[in-house]
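4 protein chains.
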Amino acid sequence: MFEKFRFLTSGESHGKCLTAIIEGLPAGLSIDTDFINSELKRRQQGYGRGDRMNIETDTAEIVSGVRFGKTIGSPVTLVIYNKDYENWQKVMSTKAEDQTDEKAFYTYRPGHADYAGSVKYNRHDLRDILERSSARKTAIEVAVGAVAKLLLKHYGVSCKSTFLQIGQGKNEEEFRAEIDRAKETGDTLGGKFEVIYGRLPVGLGSHVHWDRAIDGRIAQAVMSIPAVKAVSFGNGENAYEITGSNFHDEMFLSDGKITRKTNNAGGVEGGMTNGEDLVVKVVMKPIPTLRTPLKTVDSSDMTETEAHFERSDTCAVEACSVVAEARIACVLANELMLKFPSDSI
Amino acid sequence: MFEKFRFLTSGESHGKCLTAIIEGLPAGLSIDTDFINSELKRRQQGYGRGDRMNIETDTAEIVSGVRFGKTIGSPVTLVIYNKDYENWQKVMSTKAEDQTDEKAFYTYRPGHADYAGSVKYNRHDLRDILERSSARKTAIEVAVGAVAKLLLKHYGVSCKSTFLQIGQGKNEEEFRAEIDRAKETGDTLGGKFEVIYGRLPVGLGSHVHWDRAIDGRIAQAVMSIPAVKAVSFGNGENAYEITGSNFHDEMFLSDGKITRKTNNAGGVEGGMTNGEDLVVKVVMKPIPTLRTPLKTVDSSDMTETEAHFERSDTCAVEACSVVAEARIACVLANELMLKFPSDSI
Amino acid sequence: MFEKFRFLTSGESHGKCLTAIIEGLPAGLSIDTDFINSELKRRQQGYGRGDRMNIETDTAEIVSGVRFGKTIGSPVTLVIYNKDYENWQKVMSTKAEDQTDEKAFYTYRPGHADYAGSVKYNRHDLRDILERSSARKTAIEVAVGAVAKLLLKHYGVSCKSTFLQIGQGKNEEEFRAEIDRAKETGDTLGGKFEVIYGRLPVGLGSHVHWDRAIDGRIAQAVMSIPAVKAVSFGNGENAYEITGSNFHDEMFLSDGKITRKTNNAGGVEGGMTNGEDLVVKVVMKPIPTLRTPLKTVDSSDMTETEAHFERSDTCAVEACSVVAEARIACVLANELMLKFPSDSI
Amino acid sequence: MFEKFRFLTSGESHGKCLTAIIEGLPAGLSIDTDFINSELKRRQQGYGRGDRMNIETDTAEIVSGVRFGKTIGSPVTLVIYNKDYENWQKVMSTKAEDQTDEKAFYTYRPGHADYAGSVKYNRHDLRDILERSSARKTAIEVAVGAVAKLLLKHYGVSCKSTFLQIGQGKNEEEFRAEIDRAKETGDTLGGKFEVIYGRLPVGLGSHVHWDRAIDGRIAQAVMSIPAVKAVSFGNGENAYEITGSNFHDEMFLSDGKITRKTNNAGGVEGGMTNGEDLVVKVVMKPIPTLRTPLKTVDSSDMTETEAHFERSDTCAVEACSVVAEARIACVLANELMLKFPSDSI
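Sequences listed follow chains A, B, C and D, in order.
Anchor point for the first sequence: position 62 equals 73 in our numbering, and the numbering is continuous, going up by one each time.
Anchor point for the second sequence: position 170 equals 181 in our numbering, and the numbering is continuous, going up by one each time.
Anchor point for the third sequence: position 279 equals 290 in our numbering, and the numbering is continuous, going up by one each time.
Anchor point for the fourth sequence: position 186 equals 197 in our numbering, and the numbering is continuous, going up by one each time.
No lab work stands behind these hints, which were simulated from the structure alone.
Accuracy of the hints is not assured; some may be wrong.
Stated by the list, open to error - One-sided and incomplete, this derived list gives chain C residues near chain D with beta-carbon spacing under 10 Å:
#1 Leu141
#2 Cys170
#3 Ser172
#4 Gln176
#5 Val213
#6 Val239
#7 Lys240
#8 Glu252
#9 Lys292
Said to hold, decoys possible - Below 27 Å or equal to it, Euclidean Cα-Cα: the simulated BS3-like pairs (lysine-lysine) are:
#10 A/Lys114 / B/Lys268
#11 A/Lys81 / D/Lys350
#12 C/Lys94 / B/Lys81
Said to hold, decoys possible - Listed below are several chain D residues computed to face chain A (Cβ distance under 7 Å; list not exhaustive):
#13 Ile32
#14 Ser75
#15 Gly84
#16 Asp139
All values reported here derive from a predicted model rather than from experimental measurement.
Note that beta-carbon positions come from the ideal geometry of N, C-alpha and C, so glycine has one too.
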């Protein structure tokens, strides 16, 4: 499918930096770096985060595509330097002569890319895989999404996220209690949340070819977040137990305009936005690195062992919701750029 | 992202035919048209289907890309002729001089593309939208998926679907009772099912860039089926209430090979297949055309009215599962063609 | 790169039909089938064509995407049936049980895809390759290009082609003499021509990323015509022997508007249209099937032999120019659709 | 079309740095930074270059995707810092508060993107366009191409370029005389050269669909170099005046293998490599910035004026040939990665 808003990202968890190049933006878009950095900060916050988050405050540097605060049409490059790189320079060196076994890693961690990635790319030291598969790379995706959000704002689109459930907890207080309990037992938690984009024009996406459906494109963008295991629209997760007469959102007139009293469809009909709020529900799995070790296999000698413990987050649902917002923003920005003449704004 | 298995489909619900062109297949692949037609038949079956399904038995004709039963490397064209076209020739004519208001359609049907599509494409007669947004077009997608499945079979991959829930029903008998009840009241039902692909190689997809994640690509393929509102992997829909120590699939050794006792991940870790069964759970919404009419708006005079009743299916979960299988097959075929040298097989 | 005007084509030279699906067209575009067929006719004409052209008068049938003479947003399918298929049904059968050696072909023809294609796709009977590599497939590309031209016309764009040289001939009379002479000796000829698109808006294409440059995209579209071996813009083919002060097109004002007295750049600066005529020069190689046989190799027993003689065109420059026009039209249509809001026109 | 070797580049001529992200490389490829830097140096050399080239010695830094000298499967990021950035920090600042008119630029330079770019992107200060359209950006493309060349080397592919003509000069001595003469008169020169890739496997590209033809893809890659105005294969530029019996490369046997005595086709038949040397001929236009000023228009007040003089190269054919090599390398690398299983090497 065509991508007018296209981008590539790169960078390893402990490498020098994360980088993104965004190609296709119109000229004249104001780029508010404070907003980008506030999004990066949101990603690092949330109850249940461990210590690593405290030492790193991510900020994005723009090194191309913007002049005097506005895009000029050329590709925008975003860089997030790793504050901790000094300590990893040797282990993450690009130079052949620096080869070392220090911090080499051989134990497959269940729930991670370690096993499949090392088979696919034929890597012995699993660090070659985990450095890229790490959730760390979502930081630069949030920066890209923040740029997309600036375009959405230009067109008046709104965005918010709400947490629905963590463990058995269904409100803020219960969330904290669930997280505290998991932390005590050295366990981890995921969660369910929804992202809502409002004031979108009618007709983003299309019914005419499957790969243009906006719900499909959003599902891809969100499901490819490593921690995400379920995506649904509106009341879609329960659609199997509701009859048609109760599920479909009837249409009424109010001051000559179409209105609805329900939004079970989550703002998407026939692969297009229908003018109602776009409601995307997401389930994040529990963090796969836990203090309570999981049984696994050591790839260096193919023996059974227990998975390493490397970091100490208990729950990262807030970060996940920021990443999901960012990815959806990219899909919507692309659609808006196709809808409106977009060489300059 | 690169697509080695690429295709376009076309055709309106009551047009002359549905067509698909598949480009990128290796030469030498045996094309079993009986298999393609049996898949088309599966799509038309299932308890709860109405009368239209009985009069049409879809068969696909291959008009290019295959010679003496095998692909020759050039694009494969599949055509499904509409058996009922004779009665629609006038209404669906491509010629300007045939313009008619017969069967013109002005009432937005909730749950369909009618409203968003007519706004987007600026169409007055909603038939211009509904003819393409109709589920009828999934027939040709099933044919494309059947070709993809032939490639998967060549590599030893297996496929099956299981129905999980329809209404409150959780087994075959209960499904039928639910459907009978809905039918009596002029209502419709959706359902929940899972598609399982087995014996896949480890490492399809990738963790290195978000748009290569296999779960994301499958989620797009399935969520873009108009009737689908929720997609999840393995036990993903419940991942918000399970702790990490209970969710992640521990790894063991058996005869020197990696084994697992659970498959909560549904066969995907880090955006790659991990050697376990690929388990995709799908929720289909109830059919939006029902005998019990929904409140809506007439676009011709912008007055409130009730939605038309056009067809009589009560439940089409079986068809939906066949379409989901087909779409997933296309994603997997693409990955297998990237993995294996694929100019000929 | 994004493609808003995207299409796939299929079909073998002696197969049942050639097919194309075009996806992405705006709704409301008038589709004049007479124009499409007149383009197909242009492709079949020209001094120097042999007998096959006489028996086939190609016409395109539209089987989807158009209703009452206008596009409706859904994919447009074009079909050109092979008038001669009856005689080839057995040799080109898709069915395994029809396998035959009749018309099997084992002698590599220099200048054709036979050798490379059979190595790549591992085909024994070269007919599996030559049926698709045949120039016959350009008929459906001309039909696709005709649809693109209808969009260009909507935006006021003009198109014409001029023949520059055939052999040593530089005008109509000399062309005919050259062709007559070649025909007598059983030889073939190519030629040089230019395609000119006028009244294009300034700024199609872009300087910001290499794959968006309009000259690059046009060069790909034209050079991929099997018979084309050289492509240049404006006076580009001679640019190596002209100094900068003589080559670059100075800018003047006339009634407050930019004007130029020269167009050595052929209407492209910095990868964008600059408001002058877009001038694409093309060199077509001589037809590789000739009565004077070429030395070659028989693939069935790997012995030296002479190439078969199958058809009798002496020169097909006119056809080639029509195909080049068509391909350029597709590139320009895509750019116009990106420039203008294009869900409906 | 699928791109397995995909990349984006960014950076302005006087910005902080040029950046490229390459996605899709197999793991295990040795990355020789000395080779990358030697390619960058080649781009800066050649008789006829002015002073700017002397102060900048480009070197690429790898900041992701490589560990201990080898790729690890994740995206590779290349950065070339601008040695002169300190002097441009203010003029090229990304910050709104630094806005300045210093070095603002209003005179359209014929032969450049200035006019079309400023119209397209609605820019007042032409610097917003020229900073990206500058040939400076080809430096990072050469770095990307160098990585592609490392992959080609792994598969045994060879590469060289030869200069064919500059002005009327046809050998090294005459080239220098032509350049000296142009320099004296304040004029500039282009040139004609050929790039030859050898030892390629048979069958890269394909005849089955137009956008897979290798000659088309190479033509795009080369023609999109801003200075290039003509591209041809083998003896293609003269194919209009040679008869078929003299043009097509006859095939013979030598020790049971296919050989040819000529290579007029330049190694491409039917859109595929045919085992002969791939010979791409390229015409570069003269540098459009010259001491002898060109007549043009001042965009700030729309009056006729003369074009600015900014740099002092007389001829940059050597640089252009290095860029052409690089771009072709990217196309070939992609094809090799599709041909061979390429997750690791």
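Structure-based check of all given hints:
| no. | hint | verdict |
| --- | --- | --- |
| 1 | Leu141 | 9 Å, holds |
| 2 | Cys170 | 19 Å, violated |
| 3 | Ser172 | 14 Å, violated |
| 4 | Gln176 | 5 Å, holds |
| 5 | Val213 | 5 Å, holds |
| 6 | Val239 | 8 Å, holds |
| 7 | Lys240 | 3 Å, holds |
| 8 | Glu252 | 6 Å, holds |
| 9 | Lys292 | 8 Å, holds |
| 10 | A/Lys114 / B/Lys268 | 26 Å, holds |
| 11 | A/Lys81 / D/Lys350 | 43 Å, violated |
| 12 | C/Lys94 / B/Lys81 | 24 Å, holds |
| 13 | Ile32 | 4 Å, holds |
| 14 | Ser75 | 4 Å, holds |
| 15 | Gly84 | 4 Å, holds |
| 16 | Asp139 | 4 Å, holds |
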